[in-house]
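Participant: Start from chain A and add chain B according to the hints.
One-letter residues, chain by chain:
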Amino acid sequence: MMAVLLDENSRVIVQGITGREGSFHTKLMLEYGTKIVAGVTPGKGGREVHGVPVYDTMEEAVSEHPDANTSIIFVPARFAPDAVYEAIDAGMKLVVVITEHIPVHETLKFVNYAKQKGTTIIGPNCPGIISPGKSKVGIMPGHVFKPGKIGIVSRSGTLTYEIGYALSKRGYGQSTVIGIGGDPVVGLTFTEALKLFQEDPETEAVVLVGEIGGDMEERAAQMIKKGEFTKPVVAFIAGRTAPPGKRMGHAGAIIMMGTGTYEGKVKALEDAGVSVAKTPFEIPDLIEKALKR
Amino acid sequence: MSLSQAYCSNAGITYRFKLNKGAKSEVRDGKLKLFEYEAKMLLQKHGVEIPKGVLVRKGEDPIAKMKEVGLQPPVVVKAQVLVAGRGKAGGIKMAKTWDDVKRLVVELFEKSIKGIKPKLLLIEEAIPHKVELYVGIVIDRSERKPVILASRYGGMDIEEIAREKPESIVRVHVDPFIGLKGYQARLIGKKIGLTGKALSSFAKFLSALYQVFMEYDGDLAESNPLALVGDKVIPLDARLIVDDNALYRHPELAGERLEESGEYTEWEVKARRMGLAFVELDGDIGIIGNGAGLTMTTMDLVYEYGGRPANFLDIGGGASAELVKKAVSFLIEFPKTKKIFMNIFGGITRCDEVAKGIVSALEELGELPKPLVVRLAGTNEEEGREILRKAGIEAFVDPIEAVKRLMEL
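Chains as they are written, first to last, in this note's numbering: chain A, 1 to 293; chain B, 1 to 409.
These are computed hints drawn from the structure, not numbers from a lab.
These numbers come from a predicted model, not from an experiment.
Note that beta-carbon positions come from the ideal geometry of N, C-alpha and C, so glycine has one too.
Careful, some of the hints might be misleading.
Said to hold, decoys possible - Cβ pair distances, simulated, as ranges:
#1 B:Lys190 x A:Lys115: 38 to 44 Å
#2 B:Gln44 x A:Gly51: 36 to 42 Å
#3 B:Pro371 x A:Glu64: 53 to 59 Å
#4 B:Gly179 x A:Lys93: 27 to 33 Å
#5 B:Gly392 x A:Gly171: 46 to 52 Å
#6 B:Ile178 x A:Lys93: 23 to 29 Å
#7 A:Glu64 x B:Arg249: 30 to 36 Å
#8 B:Ile178 x A:Gly51: 43 to 49 Å
#9 B:Ser320 x A:Glu64: 56 to 62 Å
#10 A:Glu64 x B:Met41: 48 to 54 Å
#11 A:Gly45 x B:Tyr305: 19 to 25 Å
In isolation and in its complexed conformation, chain A is listed as follows:
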């Protein structure tokens, strides 16, 4: 059986493991069965956190645990970009950035750097990734997700839990669930995630959870319309009743040209044959229909 980006063979390093969130979620990830081989906190090398050895640097962690291929970052915003570069340079294939409030200009740079080095970044400002029953590298409550054949890719953290919960309750387990993060610039986009799900034989259908703003949903719709993604897709867009507010500056409007609104996103997705749910709780019904087709 396969999954996307993360499976039972992933070996994980937790960066910022001695902090409040880092240590708490290390415990939860270990309980879930994630294979965490090391932790890194500068100046705290030599300790253990929940039985996981802590190192001062990624380089030391990797030389002691050469099978490590994934890292998760719980480092505060000001220091998180440094941790991302450290993970990329240490050869991590997948880096999950949980940290929120990282300046966009910093994200722009490390995301471009990661691309050059062949590292996949998930986040920042995201709940992480889980392949239910195999591994969880993130902060999502593990018990709401069940192993199965539905892929989820989402811009929202808590909504993902809500939808995972609703699907699991109806017997629709998940292959892999990716919270790509809600920042303006993220490492993994909807279209990139769809590409991965397309190639994953285990995934039979995908739930796409978007939000108003940006054009990631429109781009996903375009990809589906072109036939580059062929599995059934069900979508939900948060912000149907959110009134768009004041804006200023023309540059945004010039490049947006009508994308970004709830109506625009729903129309683009429906035009591509995607069923769009009005509430997260309709998703299991729509998945059922989509799989029958």
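Facilitator: Below, chain B alone, put in the same frame as chain A:
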């Protein structure tokens, strides 16, 4: 999809959701907008020639202030408000005589420009010109690079031009590691029809604009119109929007701009000062959620069941009991709310922390003055529900049951 749609970013489109704290996407207002005069001052610091001008507050004598800096009519009187389409809304006036200045200053301070009364006016020398250019820089979210947009046809109708003649807008992406190179700036200038000295003046201006954009963590930096005067360019207007998340490294930009901007309601200003991501709406049901997506969906759900949200309040990820207490107390105090719906699905947020926050808010109040319905699921939900049960508060697992209960109250 048109060419322009293929280049997308949301900078400049600020939905009034998600303020600074706990903001998750750019569907938020997590951006600091600078006034025209501030943006111009930053450009001037980078060697850009800007029109001579003076700032006037209400009650100040505009004539005396103008004379202080040697400014005389004709001048342009410009309301310092942070809305798009300020000119079309009547926020910019030409004054040909001293009498015009006096009259227009009084008039503009009283004028509501797209709902905002200016607290500051900028009086600037009028600069005769025939050509108005447009140039802006934003972050292209999909390309993950800054993109420069430029047009020969700047001015008030730039958005229409972009819609009708998208090919007339020049777009050039910049590698964030390499930065804007001189040849790129010249190439852009050439493509919008500039030659000779005007071309180098434009290239110099664009480099300065890019520097300001990078140095101040710009979400958007723009000049429209950028006037072509003889063989040099002069920014008649300038805008800069700064990423809130980067404010820690720009302490000089913080300060008392919340009220001055006139953009926020009294309660929004109060909330921002408390570090709460709060937006005032026109209904009567108080909403608290964790994460913008879930909070917006909670609003959608309340609408679906016939209610109207009084607000959007996102406690973000990993909220402490202290923050939850602040949020609950704030909504109880907020006069628009008749009842409160709290929808929490914990990930990094722990339900027991949330429950402790609710209980401590209630302890302070003695009894609950407004009905509160809580939905609690996710990390540490059992512990959280137990804490609430002991305090006599019922917590739902199912959000639909919770919203139905809310509407019965």
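Participant: If a hint holds in the structure, say so; if it does not, say that too.
Facilitator: For each hint, the structure was consulted:
no. : hint                            : in the structure
1   : B:Lys190 x A:Lys115: 38 to 44 Å : violated, 30 Å
2   : B:Gln44 x A:Gly51: 36 to 42 Å   : violated, 59 Å
3   : B:Pro371 x A:Glu64: 53 to 59 Å  : holds, 56 Å
4   : B:Gly179 x A:Lys93: 27 to 33 Å  : holds, 29 Å
5   : B:Gly392 x A:Gly171: 46 to 52 Å : violated, 36 Å
6   : B:Ile178 x A:Lys93: 23 to 29 Å  : holds, 26 Å
7   : A:Glu64 x B:Arg249: 30 to 36 Å  : holds, 35 Å
8   : B:Ile178 x A:Gly51: 43 to 49 Å  : holds, 45 Å
9   : B:Ser320 x A:Glu64: 56 to 62 Å  : violated, 35 Å
10  : A:Glu64 x B:Met41: 48 to 54 Å   : holds, 53 Å
11  : A:Gly45 x B:Tyr305: 19 to 25 Å  : violated, 54 Å
Of the numbered hints given earlier, the model fails hints 1, 2, 5, 9, 11; all others are met.
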